[in-house]
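**Q** Sequence:
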Amino acid sequence: MTLNKVVVCGVGLIGGSFALALRAAGIARQIVGVGRTAASLDEALACGAIDQAATDWAEALADADLVFLAVPVGQMASVFSAMAPHLSAKTVITDGGSTKADVVAAARLALGGKVAQFVPGHPIAGAEKSGVSAAKADLFQQKRVVLTPLAENAPAQIARVENVWQACGAQVSALTAEAHDRVFAAVSHLPHFLAFALVHEFAQRPDADQLFGFAAGGFRDFTRIASSHPDMWRDICLANRPALLSELDDYMAELMHAKVLLASADAVGLHDFFATARTRRNAWLASLLPAGEE
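When the letters of the sequence shown are read in order and numbered with the working numbering, they come out as residues 16 to 309.
These are calculated hints, taken from the structure and not from any lab test.
Where a beta carbon is used, it is the ideal one built from N, C-alpha and C, also for glycine.
Be a bit skeptical, because a hint or two may be false.
Derived CB-CB ranges, DEER-like [to be verified]:
{"#": "1", "residue 1": "LEU277", "residue 2": "ALA99", "range": "27 to 33 Å"}
{"#": "2", "residue 1": "ALA53", "residue 2": "ALA273", "range": "46 to 52 Å"}
{"#": "3", "residue 1": "ALA120", "residue 2": "GLN45", "range": "29 to 35 Å"}
{"#": "4", "residue 1": "HIS286", "residue 2": "ASN178", "range": "25 to 31 Å"}
{"#": "5", "residue 1": "HIS272", "residue 2": "GLY41", "range": "28 to 34 Å"}
{"#": "6", "residue 1": "ALA99", "residue 2": "ASP222", "range": "52 to 58 Å"}
{"#": "7", "residue 1": "GLY284", "residue 2": "SER148", "range": "23 to 29 Å"}
{"#": "8", "residue 1": "SER279", "residue 2": "ASP222", "range": "26 to 32 Å"}
{"#": "9", "residue 1": "ALA120", "residue 2": "LEU60", "range": "32 to 38 Å"}
{"#": "10", "residue 1": "LEU60", "residue 2": "LYS274", "range": "26 to 32 Å"}
{"#": "11", "residue 1": "ALA120", "residue 2": "LYS274", "range": "36 to 42 Å"}
{"#": "12", "residue 1": "PRO206", "residue 2": "ALA171", "range": "35 to 41 Å"}
{"#": "13", "residue 1": "GLN156", "residue 2": "ALA97", "range": "28 to 34 Å"}
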């Protein structure tokens, strides 16, 4: 499969890595970047992520085979509205948003009958650093990409997006938008929320400098994702607020259970609590290894 023209809107970590992965796979003849600032586009040009920077959607979308939206979910509605008048029937749109139900709703509202050209997606890859300077061509290798296709999508449109991600080295699976948001509220949005909260709580203490001065590997590992972009995570948390609130309720109940075990000096209970978590995490880690590796 070869695409004549791919448009990447938001050439940061995810968008830039997508562009570099396409270039490494040799399946895009031309990659055009669209962004809010000239500086970010200039940087994307300089590092070879894109071939051209477009100044408006009419120019960018002319003869485009595929558009990848790598912008914060809070910006999706305005991007869809700006694109809509210039979309030709041949162009397929996909995205990298970390929430899906809200993005689908925004697409339906802005694109109208053209929503059939939108195949929602979410690459499960990233890093705490942002910007195209952090982008790398192998970011999606052996990573999962979840598609949440619409009833209106033609099989060929879904296949185009699936084939592109597979060319980037990703493993593609599918969920409904609602199932996606429920699952990722638990395994992604909640951990980020907790990491931000812990660092924020420490930062407010009078002895914050002393605490951070003695913090080492465990604190670093637990809070790594608190270095993620605050604008992006604000938008994600607000977009998936009901599911995230439900996960927070469950987590707070579990914390209270753990607190009771500690307060009552329940050594057996604490051991079983820790052992259950350790066993399940180790089994999960083992499942991530390629066959034959230990």
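**Q** Hint by hint, note whether the structure agrees.
**A** Evaluated hints:
Look at LEU277 against ALA99: about 55 Å separates their beta carbons, and that is not inside 27 to 33 Å. Range check, ALA53 to ALA273: about 51 Å between beta-carbon atoms, so the 46 to 52 Å window is met. Checked against the hint of 29 to 35 Å, the pair ALA120 and GLN45 passes, with Cβ atoms roughly 32 Å apart. Checked against the hint of 25 to 31 Å, the pair HIS286 and ASN178 fails, with Cβ atoms roughly 49 Å apart.
Taking the beta carbon of each, HIS272 and GLY41 are about 53 Å apart, not inside 28 to 34 Å as hinted. For the hinted restraint 52 to 58 Å between ALA99 and ASP222, the CB-CB distance of approximately 54 Å keeps it satisfied. A beta carbon spacing of about 48 Å between GLY284 and SER148 contradicts the range 23 to 29 Å that was offered as a hint. The hinted range of 26 to 32 Å is satisfied by SER279 and ASP222, whose Cβ atoms lie roughly 29 Å apart.
Between ALA120 and LEU60, the C-beta spacing of about 34 Å keeps the proposed range 32 to 38 Å intact. In this structure, LEU60 and LYS274 break the distance hint of 26 to 32 Å, their C-beta atoms being roughly 53 Å apart. Checking the proposed 36 to 42 Å range against ALA120 and LYS274 shows it holds: the Cβ atoms sit about 39 Å from each other. Between PRO206 and ALA171, the C-beta spacing of about 37 Å keeps the proposed range 35 to 41 Å intact.
For the pair GLN156 and ALA97, the beta carbons lie near 32 Å from each other, so the given range of 28 to 34 Å is met.
Of the numbered hints given earlier, the model fails hints 1, 4, 5, 7, 10; all others are met.
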